[in-house]
Structures are given as structure tokens and as C-alpha cells.
Amino acid sequence: MLALTLSLSALAFFPGGPLPQDEPAPATVKEEAPAPTYLIRASEVIIRPGESIMNGEVLVKNGMILAVGKDLDAPEGAIVVEGETACAGFIDPWSSLGVDAASVAELKTEASTKTATVIDLFNQDHQRVAARDAGVLLVRSQVGKDAWLGGLGSVLETSPEGAVVLDDACLSFTCGITRGGRRADVFDRIGEADRIGSTIASGLKYREGFVEYGYELEVWQKEIDEAAAKLEKDFKKAKKDREKEIEKAEEKEKEFKEERYKEDKRPKAPKLDADKELLARAAHGEIPVLVEVHGTRELRALLASTKDLSRLRLIVSGGTHALPFAEELAARRIPVIVQPRPTGAPTSAEEKGHDLGLAGALAEAGVQVLIGTGGAVSGVRDLPVLAQLAISHGLSEEAAFEALTIGAARAFDLGDRYGTVEPGKHAELLVLSGSPLGGRTTFIFTGGALVEL
Amino acid sequence: MRNTILPLAGALICLAPLSVANAQDAPFAISANHILVDGGEVLQDGIVIVENGKVKAVGLAADLSAKLPKGMAVIEHDGWLSAGLVAANGTMGLGAAQDDLTSAFTENLLVAESFNRDHSSVTDARDVGVTSFGLTTGRANVAGGLGSAVKTQGGKIVNLRTHLTLCIAPPALQGSRFPTSYSGAVTALNARFAAGVGVYGAVSRGELGVTIAVDERHEIDRAIRFAKGAGLKATLRGANRAGEFAERLSGVGMSVVMAAPALGGPKWHTDSIKSLAEAGVPFAFGLADSSAGASSLRLGASLAVRAGLDRATAWRAITSTAASLAGAGDSVGRLGVGYDADFALWSGDPLSPATRLESVYIDGVLITEGK
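Chains A and B supply the protein sequences, listed in that same order. Per the numbering used here, the first sequence starts with residue 1, numbered consecutively. Per the numbering used here, the second sequence starts with residue 1001, numbered consecutively.
Since the hints were made in silico from the structure, they are not lab data. Hints should not be assumed to be uniformly reliable.
In silico DSBU-like links for lysine-lysine, alpha-carbon gap of 35 Å or less [to be verified]: (1) B:Lys1267 to A:Lys114; (2) A:Lys425 to B:Lys1267; (3) B:Lys1267 to A:Lys61; (4) B:Lys1156 to A:Lys352; (5) A:Lys352 to B:Lys1054.
Simulated restraints on C-beta separations [said to hold, decoys possible]: (6) A:Arg297 to B:Ser1120: 25 to 31 Å; (7) B:Asp1118 to A:Asp167: 51 to 57 Å; (8) B:Asp1310 to A:Glu327: 27 to 33 Å.
Selected chain B positions facing chain A (in silico; Cβ < 10 Å) [what the hints assert, rightly or not]: (9) Asp1124; (10) Ala1125; (11) Asp1127; (12) Val1128; (13) Leu1208; (14) Val1252; (15) Gly1264; (16) Gly1265; (17) Pro1266; (18) Ala1292; (19) Ser1296; (20) Ser1302; (21) Gly1308; (22) Asp1349; (23) Ser1352; (24) Ala1354.
C-beta atoms are modelled at their ideal positions from N, C-alpha and C, and glycine is treated no differently.
Isolated chain B (complex conformation):
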């Protein structure tokens, strides 16, 4: 642990992480050699001031140090500081009971009701730097329910109702219940959106987001046609090949949440990501449709950079864009004034696989040391 706490104008006091707890109720600051802000910009010798669990200020130490209240604790970090990572989606904390299988349409189901904040999958995500994620249902239903944005510590719900989860793919089209075909699913969804009742009306009016889970090319094509026909600014979920449809997605204002590139993964995956970036389609990495652990987010972003994606877009895909697509873009995913003080301290550049997570803060509280 390379963090130390310094009273602003006092002598050096080396403190173990536990000692930091005293400072967390009171305003405090963290200085770091490098602060990675949204957009990939790096502040050399920067400082973040935290008050009441929110970011009060971010800037160069040279500019802010003089304005710090006398006696404010300053934690010095010999490394990098960034916003906590955000998974645009995930089923962590849901265990095996992700979907209610009694009907293909469980649109009013609130997935947060099934959330187990103490599940190991949640703490595992937190321990690799993920501070928030978009909690979503599985893919077993055509209309699976309402997702939430949650934190990986304490079960805090950032946004209770973020999006309606749809699935127009085989996982939702099985069994003896209606529908069992693509056409059946699209017909049923069209009827519901046309009626505009309940959550479908809320989605149509833009009061609620909507994601459509798909995998294959023809499913992506069908989902785009469906969303366009229904007038929805939908987010495709899964859809690792979405880049092949980048221009169409851009044209109808859709976005994509996909699994992050993996070690040994296909080249078309990173090509797809680069195509989305070139077309200006908002995209982020999620965990709901990947067997890889939460560490795949940061590693995937660095693999995308190795494959030629620009750093800023890669970084946003696991922070600010991910937060926006998870329905929590106003409060997490950035080191911005007024945003939640969720951040991670790293040994080096977080977009390098050689970098190790050293600590995680959520709402201004030191939560864990990294693994």
C-alpha cells in the first residue's frame, strides 16, 4: 500500500488503510501522480477533493492545494487515480434465479427485488475496481423486466428503474409458451408498444430505456428494424457483431452494450468495436452476456486499445458511457464535480494490463484493496 495521509500543512503521517476511515466522514482529498479523467485526459500531479461522498473538486494539485481547508487530510497516492469502473450491464447478485420462467412477458418484474448485495459475484466485481453496474435480467423472457443501476457496495440503488429488458433471440423463444418464434416475439412486442400501456408506454415516451438482447447477424438486423418501426432508441445487448451494422445503428440513434474483448477472442470482435467507434455509435462493455469475470472489463478495454481503438473511447466504454447506458450517467462513471466519489487507485495506467488495482472508494469510503 503506497497511500499516506498528510494533514495539509503538517508533518507526514503514514497511515494504514483502516486509518483512512476516520477521514471519510469528514471532507478529505486524494492526490495522485496521475488522475485519469473522462475523455482519457491525464492530469499530472492532480488532486480530488471529496465531501459527503461526492466529488467536490478535481484539478491539478498546484491549483487546488492552496484552496484546501486547513487541516484537511490529504491521502497521497503514488500511482494513478480514476473513476470507478462501471459495467454497463451485469447479473451479479442474482444467483440462479435471474428470470421468472412462468411467462415470456414479465415486463413489470423489478430485478432489484432479486438482488443479493452480498453475493460473491458482487464483491468479486468490486474487488477488481467495478463500483457500479446496470443490474439486468437474463435472456429467458421476451420482456424480462425492469433493470436498475446499483453499486457494488452496500446494495445501494443508484436508479431503481432504468430500462426494460427485451430479448428477441432463442433463449427467450423456447418451451411451450408463446412465442416460440422470432415472428411471434416481434408481433407480440409490436402489439404491446402500439397499445402503449404501462412500461411499454413509458419506453415509447422515452421515460424508460430499453435493451434488446440479440446475438446473430440476422437478430441484430431484426432488432434494428423492430426498434426503428416502434420508434425506440434502444440499446442492443450482446450483439458483439454490431459493428457490422454501425451505420444503420448510428442512423436510428441506437447504442450497444457488448462483452469486452477477451484473451484469444476473435479479431472480428475488436473490428466490430472499432466500427462502432468510427460511426459514433455509443457503446460500452457489460458482463451480463459473458462468462468472463469482472476483470474482463478493464482487460477488454486494454485489448481494444491494443487492437487500435482510441484510449478515450475505450476508457468511456468501462466508465462514463457504461454509466449512461446503465441509466446512471448523471451520478457515476466520471470524476466530475457533484458525481459520486467512486474511484479506484491504481499502480499505473489502468488501461495497461500490467497495472494493479490498489484500492477502491465508493461514496468516498475506502472499501477494499485490489486483487
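So that you can see chain A by itself, here it is in the shape it has in the complex:
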């Protein structure tokens, strides 16, 4: 496609004013180079977990996937990129990449605290590059990582020039974790879990208040309309009566007093509350609620306190002791973001008992397993390694790949844009030598650009 653009340097000659009509326009007109078309050829194109095209091709332009298949008709001049495997880029659902350390450590965040407002595209460049080069192209980042109510998480691209692709990815809570080196006693930890349910439920009441207000407003308006119609109907008589009253007043040299109609009281609108509005969205399943929780007691209390919120879309992160609740988690379709770590690695108090086999066991029980790096900035690049650790202890390769791609995309309502290799989706793609998780990335398509490694 050719586009004509006006040179910015020409505009600089005439700041703020029209061009003189008797002089030739100094603006230069240039042809913008057309966006390149890329043809990816790979021995295996993994469309989605469990579905591949051997010796397949993918056509990419303007950061979008145009076509996927075999022997595609590529336009003349298309840039051919070849590799062993092509697949969707990975997504880390549990990170703080792009957020400054103070905002990550903030404990006084609220529901309406938006991670997107503090994303710093010019910070942590080397970490972003490391993540991108490892194939992790999107992350869910979070302010108030350890706060009870951390606010709205964002999904952003890891590339240094990457953009926020979703600024309301989830509402984040934590429950029973160590904060500032201290862990609350068990009663307070269970209390935190209980309060999550009741706090989200308060969003329901908030929205009910608006629904009620809308209804009352409608009734009020109807009554007003009826009264206005009646007034219209009696208008001539009322006008004559008024004129008579004015005359009488003048005769008596008194001031005419207009008859004041008592207006029906207009229903009072509920007070706008940004936090409650978000809690309402969460309660109605418009955004997922992500809770980092590890202990058995806290998990039990959390599941109980949210049981009646039928539209709530809960995601558990951590879930160190989630296995006893696998049946309920599977039945309620609650995904669990696990953070596999090596045997013997240091853990926090709430993660004591960490088992590398958790991911595999949960998946075996029918729970949707996701894999995250746990919120540390520097660990994002290791996401594929964590997936491999989970595989070493029972998670199937397909489930691990799903966890890093379409599973994570779906969790944040991005499944229609990311996570698989399909026409119409964003071309956040990897070309690798070797398998998706164990191979080495050779080319990366992200944010409309091609990166060669």
C-alpha cells in the first residue's frame, strides 16, 4: 500500500498558520515504504497445542497474521524467514516487568490503582530484551504485588518499544503471604480470604444501586411526563385563571404570587466510586480476579467466600497447597498459575512444601494450569525453563505449551488476539531451532517488527 504523507519539516516553516496562497507549497510529498510482508517457513508450524502443520507457512504483514497453511501465495518481494519450529510467543501471567520497584512493593493500592499508569517503557530495557529473546513476548504486570488488593494488572509487550495491550487484565489480590518480612497469624490470613469474597460482593451491591437508580429514574420520569401532559391539557384554563389572578392582584395593588407546583423529588443518583465499579466488574465476570494464595486454610476460605459469586472468574496464583482442592478448582474452572522451582530452592514461609509435581498433578485432575515467574522482573526470561521443570515432574509437554500460550491468553480475555497461529491474530510469533520450550529462538515477530537473534 502506498501512502502520501506531508513532511513534518515543511510544517515547521509555518507554525500555526495557513500556507501563503501565492507561493508554491514548500511541503514535500514522499512515498512511504510499504510495510514488508514476511513468509515464515518452518518444518513444524504449531497452530495451537496439539495441532501442527508440518512444512507449513505463515504469512505476516503489519504485525498481523494474514494466512497459515502450506504453499501459500506470497506476494513478490516477501521476506522469507525459515526455521525448524514456528509457534505463538509465550505469555507470562505473573510478572512485574515494566513497573518500577517502588510501585511493585506498594502495599496501599486500591481496586482502581492501574498498573498501566506506571508502566515505564524506558526502564528495564535489558530485562525486556532478555525476556523477548527467550520468547516471552507478553507479560501480565502488576503493581502492589504483595498488597492484599493490588489493583488492575496490565498485559504488555516485552519488547523495549512494546505497548500496553490490555490495561484492565485482572483485579489482583493476595492472601496470607509474607509482607515486609512478616506473615500474619492464621486467623488474619483466613480473614483476608474471607474479605476477598465480601469485598467483591460489595461491588454487586454498588451496581445494584445503579440499577435501582435507573429504575427509579424511569418511574420518576414517567410521572413527570404524565404531569406535563396533564398540564398541557389544562393549559388554556390555567392560563385564564392565572390572568384573572394577576388582574385581581393589580386591583388590590398586591404582588402577584405565582403558584408553585411541588415537583416530585428526583431520585438521587448513587455516588460514583471507581473502586466499587471495578469490584462490580469483577463480580460480574467482566474482568478476572487473580488471587495469590498458597496455604490450605486460606484456599479453603477463599473458595468458600467466593462460592456464591456465580459470575466471578477467579484465577489462583501460587497455589502451593492447591492439590486437595483440585476437584473444586476443576469444577469451577479456576485456573492455577504455578511457579515451578528447582527442588531445594529457597522458598517463603507460605510456599513451604512446594512440589514440582503440582502442575502435573493439577492438570491430571482437570485443572487449567498456567505457569508464571512469580512477579520478579529478572525471572521473566526463564519462563520456558520453568515450564520444562514442570514437565520433568509430570506436566505434559502439550499442557505446558498451552499454559505459556493460549491458556494464558484466554485467562485474560486475549484468546481472540494472541496465543495461537491463526489468520487475523497478532503476529507475536517465535521461530526456533528445536522444540518450543527447549529450543533456541532464532527469529521473533513482535509489535510488528522482526527481530533476528
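Using the hints provided, position chain B relative to the given structure of chain A.
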């Protein structure tokens, strides 16, 4: 468990691991789909013959099967087999009493005397595939004592006196005792090596190894100058940034034992490792200066490979080079004829994080199944 035992020319007999114990006193063989030998070479469909706790032969099954004595038990492993992992250093089994704090110079202290073979840190290491390690003191003394090479099973000492442990870093320079400064430590050590008495003389004559624990760049620089001045072929311990001094280290024939790269670790660590490899400086991964568990060895090697280190060097850093730097390179760390029959059976390539340890053999005896 995917191992089975086959009498050489007999019918298939499926045996649980315990049954293998009967075969361990007698010569036996293990065949595996892949055998990873030193240098990173992989034998497809290989076999290892074990006799009296030693490796008697290693090769392709096609070559060796016909030479097996009739009736010899053959354990079939559907996966990979490799030498047991070796941590170039570690303080496992020492508990809290790693160092004698009464003096900065406890050079004659024999750390093996403090070794508790049944300590959970030893069995934890064994359960992730570590079969031997270089037992060393902590860093609290300028001259901490004499290290040993030990096994993670049965408290077997492979080599009682392997190296003298020095530390020219703040952990050894504290308190009211002499020395409290870098200069004091170097001066005191120079005097002792110049006198050449006792263990210092043994080190100077090359009869005993020497490690120098350091961390920061200036400490690495100082340690290189000290070792060069004293004529020591020392091994730097800690020194994760040693790669920045790779050419100098190579020039004076020094080696490095450092912590393995960790998840979320800095890029400069793997860059440092690659620089050492490029300069030909022998290096291996240890556990003495890392809070990570013993599983960090294999994971660290695989992270180094992901970062661009060649597989063979990474593998040696947790096996043969580690054994050499631990002072036991003649008997452990390789699947070589005459070496101890210490090996690990894996579900796949041990340099992949997706691989799980399935069993560990030490001196030809099945010890444990992996975690």
C-alpha cells in the same frame, strides 16, 4: 521406574529397584538408550559394565553385548545414563560448625573431621544426582583448613587431603583478631608461603591444591596477583565475575569454582562463564557459596547452555572438571574404565530442565530414586 533386568540370554524379568541389590555384588551391566560420556558425546544404545564398584567397560551395546559373560544381569534403562554429578565444592554435612573461629589461620584443620555423612544436606544432594563433592570449609578464616573429596553415600572419603582453603575477602577479615584488612591477610599469607612450612610448603610444591575465596572484582584481581607472586596454581572460589579476568587467569594457570547460574540470575554471570570457556580457563560449579540447593548444579549447567555455553563444557563443569577441581578427578566424574561406578539414570537429556532423575548408583550400588 522404567528399569528392568535381563539375564543376558534369558527371558525378560521385570524387577523392582530393590531386586537390583542382588545384582550389585556381582558384576552387572546397564544398557540405556543414550549414554552421555565425558565431552558431551552421546552413545546411542550404549552399555556400561560394572564390576566391584568400578566401571569395567563402556561402549555401544552392539559392540559389548556379545562379550558379556553368560548370565550377567543387564539392567535396561529406557532413558539416559551419565556419570554422577560432582559439586566442585560444598559444605554439605558440616552443619553450623563449618569454621573454627578462634583463629584466622586454622590451616591444619581437617574439614572431614566435621563431616556428618547423614546430614540431610548430603542426602538431598544425592537425591538430585550428586554423587561426590569437594568438602570445604566456610569463609570465616584466612586459612580455613584442608578440604576433602567425599561421596554423598556412606561417608566415603575419596581423597582426604585435597586442598588448602584460603579466603581474602571480608568474611575472613572481621572481629578483633589479626588480620582485619586485605593487606594484613596478603602479608600474613605471603610470609607463610615464603617460609614454606607444613601445608603451605605442600601447596607450594604442588602436593596439595589451594583455593582462594573471593567475590568482588578487586578481590579477584588481588587474588590473582597474590597467587602469581607466590607461584600458586590456585583455584578461585566464588568469583562469579572471574570471566572478566579470563585472560589473566589463563596466563597464570588458575582455575575457578563458582556458583552455577540461577533462575533470574544476572546476565553477567553467564557472560563470565562463557569468557572463561573461551579463554580455556578450567571452571566448575560448586555449592559452597550458593544458597541454592544441589539441584542448582544441573539446572545451572542447562541455563549456561541456553545462554550459549557449549554442552560439553557445561557438562564437564558438573562432572569431570568439577571432580578434578575437587581433587578426585582420577576416580569420579567420568564414565571411564576404572572409574568408580557412580552414575545417574535420567528420563532424558540431563542438560534439559525437562528431564527427571530416576536413579542414582554409587560404587555400583543402587542408592536412591530421584526427586
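Hints and how they fare:
1. B:Lys1267 to A:Lys114: Roughly 31 Å between the alpha carbons, so the hint for Lys1267 of chain B and Lys114 of chain A holds.
2. A:Lys425 to B:Lys1267: Given pair Lys425 of chain A, Lys1267 of chain B holds - Cα atoms ~33 Å apart, limit 35 Å.
3. B:Lys1267 to A:Lys61: Given that 35 Å is the threshold and the Cα spacing comes to 33 Å, the pair holds.
4. B:Lys1156 to A:Lys352: holds (32 Å)
5. A:Lys352 to B:Lys1054: The hint is violated at about 39 Å.
6. A:Arg297 to B:Ser1120: 25 to 31 Å: holds (27 Å)
7. B:Asp1118 to A:Asp167: 51 to 57 Å: holds (56 Å)
8. B:Asp1310 to A:Glu327: 27 to 33 Å: Distance hint for Asp1310 of chain B, Glu327 of chain A is violated at roughly 47 Å.
9. Asp1124: holds (6 Å)
10. Ala1125: holds (9 Å)
11. Asp1127: OK, holds: Asp1127 of chain B within 10 Å of chain A, min 8 Å.
12. Val1128: It holds, given that the least Cβ distance between Val1128 of chain B and chain A is near 6 Å, below 10 Å.
13. Leu1208: Violated, about 31 Å.
14. Val1252: With Cβ-Cβ at 32 Å, over 10 Å, it is violated.
15. Gly1264: Given a least distance of 4 Å, the restraint on Gly1264 of chain B holds.
16. Gly1265: Because about 7 Å separates Gly1265 of chain B from the closest Cβ in chain A, which is inside the 10 Å limit, the hint holds.
17. Pro1266: holds (7 Å)
18. Ala1292: holds (6 Å)
19. Ser1296: Result: holds, 6 Å to nearest chain A Cβ.
20. Ser1302: holds (8 Å)
21. Gly1308: This interface hint holds because 9 Å falls under the 10 Å limit.
22. Asp1349: Because about 9 Å separates Asp1349 of chain B from the closest Cβ in chain A, which is inside the 10 Å limit, the hint holds.
23. Ser1352: holds (6 Å)
24. Ala1354: holds (4 Å)
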